[in-house]
Structure formats: structure tokens, C-alpha cells
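There are 2 protein chains.
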Amino acid sequence: MAIRIGIYGYGNLGKGVESAITQNPDLTAVGVFTKRDPATVKTRTGIPVYSVEKALEMTKEIDVMIICGGSSTDLPEQTPYLANYFNVIDSFDTHAKIPEHFKNVDHAATAKDKLAIISVGWDPGMFSLARLYSSSILVDGKDYTFWGKGVSQGHSDAIRRIDGVQDAKQYTVPVEEALRAVRNAENPELSTRQKHTRECFVVAKEGADKAKIESEIKNMPNYFADYDTSVTFISQDELNEKHSGIPHGGFVIRSGKTGLNGEHSHVIEYSLKLDSNPEFTASVLVAYARACYRLQKQGVFGCKTVFDIPPVLLSPLSREEVIKSML
Amino acid sequence: MAIRIGIYGYGNLGKGVESAITQNPDLTAVGVFTKRDPATVKTRTGIPVYSVEKALEMTKEIDVMIICGGSSTDLPEQTPYLANYFNVIDSFDTHAKIPEHFKNVDHAATAKDKLAIISVGWDPGMFSLARLYSSSILVDGKDYTFWGKGVSQGHSDAIRRIDGVQDAKQYTVPVEEALRAVRNAENPELSTRQKHTRECFVVAKEGADKAKIESEIKNMPNYFADYDTSVTFISQDELNEKHSGIPHGGFVIRSGKTGLNGEHSHVIEYSLKLDSNPEFTASVLVAYARACYRLQKQGVFGCKTVFDIPPVLLSPLSREEVIKSML
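Protein chains in written order, with the working numbering: chain S, 19 to 345; chain U, 19 to 345.
A hint or two may mislead.
Copies of one chain are not kept apart here, so a pair can be met inside one copy or by any two copies together.
As a list, the in silico DSS-like pairs of lysine-lysine whose alpha-carbon atoms are at most 27 angstroms apart [as the list claims (entries may be wrong)]:
| hint | residue 1 | residue 2 |
| --- | --- | --- |
| 1 | K115 | K228 |
| 2 | K223 | K121 |
| 3 | K60 | K275 |
| 4 | K275 | K167 |
| 5 | K342 | K121 |
| 6 | K236 | K223 |
| 7 | K275 | K53 |
| 8 | K275 | K130 |
| 9 | K167 | K315 |
Treat the hints as calculated values from the structure; they're not laboratory data.
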């Protein structure tokens, strides 16, 4: 019987999970749970839509609930709450608050013999694994994470809040020279500005003061002031046509030394080039939902992260097949 | 108390393990076990040298034995044998024979409540993990493994066996055009010849027929005949000066599609650039020795591979520290 997945939240990520499940015949989507009126939501594959309240009546029909809310307000409440009733997976990505979120989820899941895996995706997620593996192997070394080229939703939103801005899209771009130095095992000290640039494509409202908008963007604290930022004004049509995708990606690179006198250098690099950030994240979530199901069957409960999960549990193939075909 | 490691075999890999242990303060090297006369072996860090027979008297003094023999004749015998007495790690790398080796080791380890982790290194090892993770996430995709640029010991040996050859070094080199197409998610069908070239640096004996040597190399079945092979004759001095290192590395690249109609492409790439193949392999072995120790303390026995090991067990840091600093 297929592993029965609930999708809690139906934005880009929830839609990505729905679509990823269609690629995995050992999983089945039970339905979508939404805070909106279910009658107003139509799913892409025709799976049922329920109100979030309905979820608690369906605990016996769902093996793993994938929670697809946002990290700022949704997940800190939803994941600990739902871990009382379901095995859960989320993609909580506010790095600084992960230990607190972990504690809250662990408390709930442990009390109810449920298994939760938090902060699943690519960063946190696959990039975290790249950092862990490479730092465990090259203990005398240093690692660097670069993001992009890709769309930052948070930065795009920040531009859209500026007076006179109709629409905007912001790309985070790694600095080539920094990448080169890191790959070359030069262990550079890099400032924020030296690692990434920010490219902004902005649609101004009619009659807006473009020079003022540009200055507001470039001087915005935290978001742009510490970066070399370019601002390009374009039409809404051009934005829709050329910048409607949600690509992202990045690089985790660690260089380190071995030998009695550190005489040999090594570089480990993990990189992602993603056409669709939410669909890739969703694909990671779905693989970890499979692992979650298998692991709770073994009697493992509480809160886990990607660091705790034996990789073999992620694969649709059996352990024997994986050893034979991939080792 | 530090985890006590035995080093079984003292070639390049054993020396690499000895040196990697000095980088990990939570590990300590108990000594080297050799088939040679121990009096003739001097270790790099001054750790004791014992005959292999002595090992069985030291089962209480060693937490994990890292077996540093060769895959063709040593490991198929040594690992199952030693798994009767020790928790063991090896780097068995004859891909086609892994299932058989696994079975033999599992049988021995399970019977004696020992934990064995086999085929640890970078391929098999980290590259296997890259294949497993990326294929579990991008289920509708295809992956490619490229090796190099690096020294192939087997191919160098094959050249040295040719009549008239005094010394030789062979580099395996991935074809740039193939790498480009794979990274570009073109999913090319690549023949052996299209993936790698082979560069040979050969020292001919005085008076040897160089044209004949070159022809013998290029037409050698399995080793060279299916590849574009270049042969360069150089002096022994030049070989010693420019080609004495043991660099290696390579790339595991998977591209795959997501979306209801496969409308989005993604590329996951994992790559290694290694100054010293044996020292890097040794660093991986040592990290897995730590995991082996921790896991057998939890009561896990039998034969495992990198696919079975929760990544967090590899790190010298605690789970809390890893979550806080790397997730």
C-alpha cells in the first residue's frame, strides 16, 4: 500500500509537493488542507481539498503530513501543533530560530509517539548535509555557502513595499571572483559584499520618482545596503515575460588540508541549479516523508533533522537494490 | 576517553589514516598491524607496529579496526575475518563484487555482535551518497559519474608491465564537452570514449621501441582501447619531478525534471578535487570509524554501508552543536 501523504497549505510549495507525489508511485496524496474556504481551492491533480479543521478527523488516513506553510508565522505554530496528531515534515528555514523550533516540535512529537523531521529542503537541508559531511571529512578546513543565481522572495517583497513601486523581482548572484578563490583553496576572508551581488528588476508606477526608488533600494539596511546592488527599471510586460520563474540554487564549497604538515589540499563542492525553487524543495520534502514513514515504523519518535536520517531510507529502491546499483 | 583505532595495513592508505587521526583529537591510534616484519616498519608518528597475528590479542584495546588493504586480494579475506573480532571499516572498491563482500562481512559481524562498515571512501563512498541523495530527490532524472583528473594506479601498473617500459603514470581526464552537456541537463547518451580520455606519461628503457610501446598501450583491451589515449615519453627525472603526486577527484552530476509535465529542470552536482587520493580516502574512513564506534555503542551490529549511517554520527561535534552551526 502506498504511503499516504497529507499536504497542509497550498501555496507554491504545497503545489510542488502535490506534483512531486505524482512522480513517486509508492506515495499517494490524501488531500490538501487549507485555511481558505475549500470550495474556492482547486487542486492541480484533482485531489480533495479540506479545511484545516478537518485534518484532526483524518489522523488514521494520513501516514505523514507535509506542512507547507511559511517560516515566519505558520510553521512555528503549525508544526508543534500537528506533531500532536501526525508524523510531520516541514521546511522551517529561519536558521537562527531552528534550535527553538526543534525543541517545541520535539516536545510535542515525543509526548505522542510521533516522528517529526524539520528544516527539510535545500538550505536548510541538502546544503546543511553538504556542510556536515565535508566538515566531518576535512576537519582542518573552512566552508563557504553561496546562493544564486536565484530569486529572493523576501528581497523582492521588500522592494515592492517601497512607495512608487508597482512590482519587482530580486536576484541574488554569487560573485565569480569569490567562487574562484574558494575553489582554489585560497581560504579567503570574504565580506558580505564580496560574496554576493543583488540584481533588482523594478516596475515603477506611472509618474514615480525612479531616482528616489533606486536610492531607497540601495540604502535599505540589512537587505541591500551591505551589497553591490544594481537596479534596472523595466515594464510590467517585460517583468512578466522574462522574470516570472522562481529559479534558485547555490554552492557549498569546503577546502581543507590533510597530511602530517597539512601538505595536501582538497576541495569538496556541492551545487544546485534549480529552475523552480519550490518544486525542488517539495521533491526533497517528499523523499524525507518516505524516510519518516519508514523510520516511525521502526519505532523512532521525536524531532529529527536531515542529519539524523540514514540516507538509504530516502530512496524508493530497496536497500539491496541501492547497494547493488549505487554503491 | 578517545576512540581507539587500529590500522591494519601500512601502505599509502594506512599512512593516510595515521595522519588523519592526528587531526581528530577524539580519536587515538593504538598502532599499525603489518604482514611485514614489524621491526622493518617505522611509522610516521611513532605509533607502535605489531605483526598482524598480534591483533587478536588486542581485541580489548581497539574500538575500531580500519583495514587498509587492497580490494583485489586483501579485503575479501581480511574484512570478514577481522569482523569476527573487531568493529571494522574498509574501503572495498570493486563495485561489482560489493554485494558478495557485504554478505560475507555481514555474516561474520552479525554472529559476533560486531559492527562493520564497508566500501567507505569517495567512490564507493561520498560519490555513492551523492548518487543516492540526488536520485531520491530527482526521481525523474539521470546521473553521471566522471572521474579525474587523477592518477589511476591500475592503469599505471598496466603500462609498467609492458616490455620496454621503465616507469609510467596514467591520468584519467573527464571530457569537458561531456561535462558541459550533462551540466546543461541535456541528458546525453555518452560512450566510454566520450566521457573520459587517458593521458599516459611513460619512461622507456634505453633502446626500447617507443612506437611499439605506444601502440601496445593504445590497443590494450579494457584499459585503453575504448578511450582516446595520449602517450608522452618523458625522462625518469621529469616523471619523478612532475608526476609523483597521487591527485584524483571527479564529479557526480544528476539532472532531473519536476512539475506535472516535467516543465522544470534541475541539476545537482557533487565534485571533489583531491591533492592526495589516499589521504582523502583515509579522512573519510576515519570519520566513519567515529560513526562506527557511536553506532555499536547503541547496539547496532552487522554489515553497514555509507547509506545506512546517520550523517550526524560522523561529526566530531555534538548533535546540538551540529544543528546550531550547520543546519
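Hint-by-hint comparison with the structure:
Within a single copy, K115 and K228 get their C-alpha atoms no closer than 37 angstroms, and across copies no closer than 67 angstroms, so neither meets the 27 angstroms cut-off. Taking CA atoms no more than 27 angstroms apart as the test, K223 paired with K121 passes in neither setting, with 46 angstroms inside one copy and 69 angstroms between copies. For the identical chains of this complex, K60 and K275 are inter-copy neighbours only, at 24 angstroms across copies versus 54 angstroms inside a copy, given an alpha-carbon limit of 27 angstroms. Taking CA atoms no more than 27 angstroms apart as the test, K275 paired with K167 passes between copies only; the shortest distance there is 19 angstroms, against 29 angstroms inside one copy.
Taking the closest pair of Cα atoms, K342 and K121 come within 27 angstroms of each other only across two copies (12 angstroms); inside a single copy the shortest separation is 38 angstroms, beyond that limit. Taking the shortest alpha-carbon separations for K236 and K223, only the intra-copy value of 18 angstroms comes in at or below 27 angstroms, while the best inter-copy value is 68 angstroms. Proximity of K275 to K53 under the C-alpha cut-off of 27 angstroms is found in neither arrangement, the shortest distances being 52 angstroms within a copy and 30 angstroms between copies. Proximity of K275 and K130 under a CA criterion of 27 angstroms is satisfied in neither setting, with 46 angstroms inside one chain copy and 37 angstroms between copies.
For a Cα distance limit of 27 angstroms, the shortest separation of K167 from K315 qualifies neither inside one copy, at 40 angstroms, nor across copies, at 44 angstroms.
Hint compliance for this structure: hints 1, 2, 7, 8, 9 are not met, and every other hint is.
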